[in-house]
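Enquirer: Kindly produce the complete structure, drawing on both the sequences and the hints.
One letter stands for each residue in the lines below.
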Amino acid sequence: AQSVTQLGSHVSVSEGALVLLRCNYSSSVPPYLFWYVQYPNQGLQLLLKYTSAATLVKGINGFEAEFKKSETSFHLTKPSAHMSDAAEYFCAVSSNQAGTALIFGKGTTLSVSS
Amino acid sequence: GAVVSQHPSWVICKSGTSVKIECRSLDFQATTMFWYRQFPKQSLMLMATSNEGSKATYEQGVEKDKFLINHASLTLSTLTVTSAHPEDSSFYICSAGVQSANYGYTFGSGTRLTVV
Chain A
3 AQSVTQLGSH
13 VSVSEGALVL
23 LRCNYSSSVP
33 PYLFWYVQYP
43 NQGLQLLLKY
53 TSAATLVKGI
63 NGFEAEFKKS
73 ETSFHLTKPS
83 AHMSDAAEYF
93 CAVSSNQAGT
103 ALIFGKGTTL
113 SVSS
Chain B
2 GAVVSQHPSW
12 VICKSGTSVK
22 IECRSLDFQA
32 TTMFWYRQFP
42 KQSLMLMATS
52 NEGSKATYEQ
62 GVEKDKFLIN
72 HASLTLSTLT
82 VTSAHPEDSS
92 FYICSAGVQS
102 ANYGYTFGSG
112 TRLTVV
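Chains A and B are the protein sequences, given in the same order.
Numbering-wise, this note's numbering comes out as the position in the first sequence, counting from 1, plus 2.
Numbering-wise, this note's numbering comes out as the position in the second sequence, counting from 1, plus 1.
Calculated directly from the structure, the hints in this document are not laboratory data.
Worth double-checking, as some hints may not be accurate.
As the list claims (entries may be wrong) - Once the Cα atoms are required to be at most 35 Å apart in a straight line, the calculated DSBU-like pairs of lysine-lysine come out as:
1. B:LYS42 with B:LYS15
2. B:LYS15 with A:LYS71
3. B:LYS21 with B:LYS42
4. B:LYS42 with A:LYS71
5. B:LYS56 with B:LYS21
6. B:LYS42 with B:LYS56
7. A:LYS108 with B:LYS21
8. B:LYS15 with A:LYS108
9. B:LYS21 with B:LYS65
10. B:LYS42 with A:LYS60
11. B:LYS42 with B:LYS67
12. A:LYS60 with A:LYS71
13. A:LYS108 with A:LYS70
14. A:LYS60 with A:LYS70
15. A:LYS70 with B:LYS42
16. B:LYS65 with B:LYS15
17. B:LYS67 with B:LYS15
18. B:LYS21 with B:LYS67
19. B:LYS65 with B:LYS42
20. B:LYS15 with B:LYS56
21. A:LYS108 with B:LYS65
22. A:LYS108 with B:LYS56
23. B:LYS21 with A:LYS71
Expert: Spelled out as structure tokens, the structure:
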């Protein structure tokens, strides 16, 4: 079975500050890991994904995440927060087997203040 | 590429009626489609996995007679909420796995269902 745990349901930062959203995974097989962003009343947008290539993954909008097997973590970071980054962020895990679903964490709400 | 079109984007229905949500893969063949449900300010919960030409596999606690899933072709999967009640009001999202060198998942834009 696979699962992800997002530490912190709500993170608040100031504009220009570092963004750090935490995600730890549990998987009995090599995981594929994803970060998605969701704006109110909208669908999901993929920020980045790890599929067993480089452990440091760069995504859109300046976000990046590092896969750390020893820590079973895949934390999302951005050096400098923008107001437009305020949204809901979901970490998700799947296996590399065809036909397996993404399993989502509970989500983290990011607030950005000016 | 790999676009999933989901319709309707929102629907309001009366209690006791049924609502059908469609997800079409526009430029690829979706052998497998996943259906999720999202309550306000909560995460996406996997409801079921549908495979083309076979019965859907439902997650524990999801009523298969209430949430009918049909995946009759490689480009169309439907979710029908039967005899809807206010507690079925939610955001429903479909997703297809994309098996390619750029492995990933593509999501529909979601359907906001309100049962009154």
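Enquirer: Compare the structure with each hint and give your call.
Expert: Do the hints match the structure? See the list:
Of the pairs offered as hints, the one joining B:LYS42 and B:LYS15 holds, with about 24 Å between alpha carbons and a cut-off of 35 Å not exceeded. The hinted pair formed by B:LYS15 and A:LYS71 fails the criterion: a straight-line CA distance of about 49 Å is larger than 35 Å. Taken as a hint, the B:LYS21 and B:LYS42 pair is honoured in the structure, with Cα atoms around 24 Å apart against an allowance of 35 Å. The hinted pair formed by B:LYS42 and A:LYS71 meets the criterion: a straight-line CA distance of about 30 Å does not exceed 35 Å.
Simply put, B:LYS56 and B:LYS21 have alpha-carbon atoms about 17 Å apart, close enough for the 35 Å limit, and the pair holds. Restraint check: the Cα-Cα separation between B:LYS42 and B:LYS56 comes to about 31 Å, which is no more than 35 Å; the hinted pair holds. Restraint check: the Cα-Cα separation between A:LYS108 and B:LYS21 comes to about 27 Å, which is no more than 35 Å; the hinted pair holds. With a C-alpha separation of about 30 Å, the suggested pair B:LYS15 and A:LYS108 falls inside the 35 Å cut-off, and the hint holds.
Using a Cα cut-off of 35 Å, the hinted pair B:LYS21 and B:LYS65 holds, with the two alpha carbons roughly 14 Å apart. With a C-alpha separation of about 27 Å, the suggested pair B:LYS42 and A:LYS60 falls inside the 35 Å cut-off, and the hint holds. The suggested pairing of B:LYS42 with B:LYS67 holds, with an alpha-carbon distance near 24 Å, which does not exceed 35 Å. Distance check on the hinted pair: A:LYS60 and A:LYS71 sit about 17 Å apart at the alpha-carbon level, within 35 Å; holds.
The straight-line distance between the Cα atoms of A:LYS108 and A:LYS70 is roughly 20 Å, inside the 35 Å bound, and the hint therefore holds. Between A:LYS60 and A:LYS70 the CA atoms are separated by roughly 15 Å; this keeps the pair inside 35 Å, and the hint holds. With a CA separation close to 29 Å, the supplied pair A:LYS70 and B:LYS42 stays within the 35 Å bound. Proposed proximity of B:LYS65 and B:LYS15 is supported: the alpha carbons are some 21 Å apart, at most 35 Å.
Between B:LYS67 and B:LYS15 the alpha-carbon distance is near 15 Å, which keeps this suggested pair within the 35 Å criterion. For the hint linking B:LYS21 to B:LYS67, the alpha-carbon distance of about 12 Å falls within 35 Å, and the restraint holds. The straight-line distance between the Cα atoms of B:LYS65 and B:LYS42 is roughly 25 Å, inside the 35 Å bound, and the hint therefore holds. Between B:LYS15 and B:LYS56 the alpha-carbon distance is near 28 Å, which keeps this suggested pair within the 35 Å criterion.
With a CA separation close to 24 Å, the supplied pair A:LYS108 and B:LYS65 stays within the 35 Å bound. At roughly 28 Å between alpha-carbon atoms, A:LYS108 and B:LYS56 fall within 35 Å of each other, so this suggested pair holds. Taking the CA atoms of B:LYS21 and A:LYS71, the gap is near 42 Å; set against the 35 Å cutoff, the hint is violated.
Of the hints listed earlier, those the structure fails to meet are numbers 2 and 23, in rising order.
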